[in-house]
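Line by line, the protein sequences give chains F and X. As numbered in the working numbering, residues 5 to 341 make up the first sequence, in order. As numbered in the working numbering, residues 2 to 103 make up the second sequence, in order.
If you're looking for bench data, these hints aren't it; they were derived computationally from the structure. Quick caveat, the model's predicted, so the values are computed rather than measured. Treat the hints with care, as some may be off.
Here are the simulated lysine to aspartate or glutamate pairs, EDC-like style, with alpha carbons at most 16 Å apart [what the hints assert, rightly or not]:
1) F:Lys-60 - X:Glu-11
2) F:Lys-253 - F:Asp-237
3) F:Lys-129 - F:Glu-156
4) F:Lys-70 - F:Asp-84
5) F:Lys-28 - F:Asp-84
6) F:Lys-129 - F:Glu-231
7) F:Lys-28 - F:Glu-7
8) X:Lys-3 - F:Asp-237
9) F:Lys-129 - X:Asp-52
10) X:Lys-3 - F:Glu-231
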Amino acid sequence: MAEPRIIIVGAGPSGVRAAEAVVKAGLRPIVIDEARRAGGQIYRRQPDNFTRPYKKLYGTEAARAKALHESFDALQGQIDYLPETLVWNVADQHVWTASGNAQQTLPYDALILCTGATDRLMPVKGWNLAGTYSLGGAQVALKSQAVSIGREVVFMGSGPLLYLVASQYVQAGAKVAAVLDTSASGARVRALPDLLALPSVLWNGVQLTRALAKAGVPVHHQITPVEVVGAADSGVTAVRYRTASGAEKMIACDAVAVGYQPPPRNPARRPCSLRIRLRPSHASLATAARRGRPRQCEGRLPRRGRRENPRRSLGRGERKTRRARRAFRSRPGCKRR
Amino acid sequence: MKGRFVRLGETDRPRIVLHVDGHPVTALEGDTLMVALLSTGGTLRQSEFGDGRRAGFCLMGACQDCWVWTEGGDRLRACSTLAAAGQRVLTSQPEATWPNLA
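From just these sequences and the hints, can you work out the full model?
Structure below.
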């Protein structure tokens with residue numbers, strides 16, 4: 005029988021470890037990566053000619069980042085790596101890919117999706133102004149390009165990532181005008197056992213808030229975002245918000261980084277490790293979760309959609325994806341309902 | 002505003018020159034097109050929705066907010082395209098010109 009064709013989508017922690025497992029089983033997978041280099045988002049690599057050491061870039065995650073990058077580099081020659089390639093459709097046991105102007109469909113016997121997560125976003129008036137970025141985007145700017153998204157940055161939203169990126173900015177020498185937390189207390193930052201993406205030591209609330217306090221960054225809790233203020237042609241000039249007591253305040257800034265804590269997961273679902281089980285006879289996903297000793301997942305789990313939290317408004321990117329998907333499904337000649 | 006993004010380090014890299022809307026722009030080798038444009042300017046592009054200028058959002062190729070165009074008519078994602086010497090970039094969508102068949 006011919007060797008099963010394995011396609012892995014994503015080259016973050018999950019994708020790299022999946023590729024390792026497949027190679028170890030004696031097969032040669034195709035690894036499709038949207039980015040230019042493997043590593044995903046948390047362990048995103050800086051350009052080749054950058055000099056910041058791993059410790060400075062990844063902090064407590066430095067060893068893990070190095071191990072991941074080295075693991076991937078060691079796979080060269082044993083996998084078919086397709087960087088800068090987007091998988092935009094999966095159907096009929098094929099993936100549809102786009103890379104620059106080139107389109108390709110690739111058949112598979114087993115498909116492993118390691119597409120990671122993205123920011124949880126909610127629209128606010130003015131979020132379309134130049135100078136508004138997601139928390140993840142603000143972090144990419146720093147980690148991957150050594151830039152701050154602005155001269156005076158306001159961080160707004162909730163969750164440990166809010167404090168993590170704000171303190172990373174402060175430590176890198178950027179000016180953070182304020183951290184605006186929609187949740188009730190910073191102590192919540194510590195008590196999030198279901199946030200699998202960030203190892204606990206990374207989002208130690210005490211450490212992060214201390215770094216911000218030391219830099220004199222004002223932190224406000226239980227705020228309600230009202231508006232990102234600015235001019236259509238030149239971008240953000242301030243953020244307007246309501247305090248816990250209902251008073252309206254404004255903070256001058258030229259950049260806003262927004263992002264919210266992912267919805268709480270089912271507490272019965274413990275952190276798990278993924279074992280790749282190959283089923284060449286099956287057309288779809290070939291991953292199985294092994295529930296054993298609770299352990300950190302190395303990558304992020306896929307983002308949940310509206311089904312888990314119907315009250316969540318769709319983010320900008322999500323709306324576009326859904327529109328595109330709907331348009332694709334109802335295109336002329338499409339046999340599917 | 003001059004530049005939107007603020008460089009915090011890694012400035013000891015070779016300089017490259019590209020053109021944006023016809024004007025020369027100096028960037029550093031290793032910059033993405035987004036950083037090349039936003040370290041010297043305040044916005045990336047004209048929004049197609051009539052609400053002014055945009056400057057990107059997610060920096061990871063998902064949000065569709067950072068598209069720029071080459072003078073040759075190609076579309077590029079500024080956040081995931083490396084800046085290169087000699088690029089000729091436009092921040093407004095080039096108008097389609099239809100031949101006059103009269």
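Tested hints:
1. F:Lys-60 - X:Glu-11: Since the Cα atoms of F:Lys-60 and X:Glu-11 sit roughly 12 Å apart, the hinted pair holds (cutoff 16 Å).
2. F:Lys-253 - F:Asp-237: violated, 24 Å
3. F:Lys-129 - F:Glu-156: violated, 20 Å
4. F:Lys-70 - F:Asp-84: Roughly 22 Å between the alpha carbons, so the hint for F:Lys-70 and F:Asp-84 is violated.
5. F:Lys-28 - F:Asp-84: Between F:Lys-28 and F:Asp-84 the Cα gap is close to 15 Å, so the pair holds against 16 Å.
6. F:Lys-129 - F:Glu-231: At roughly 5 Å apart (the allowed maximum being 16 Å), F:Glu-231 and F:Lys-129 satisfy the hint.
7. F:Lys-28 - F:Glu-7: Distance ~14 Å between F:Lys-28 and F:Glu-7 Cα, so the pair holds.
8. X:Lys-3 - F:Asp-237: Holds: X:Lys-3 and F:Asp-237 sit about 13 Å apart, inside 16 Å.
9. F:Lys-129 - X:Asp-52: holds, 12 Å
10. X:Lys-3 - F:Glu-231: violated, 24 Å
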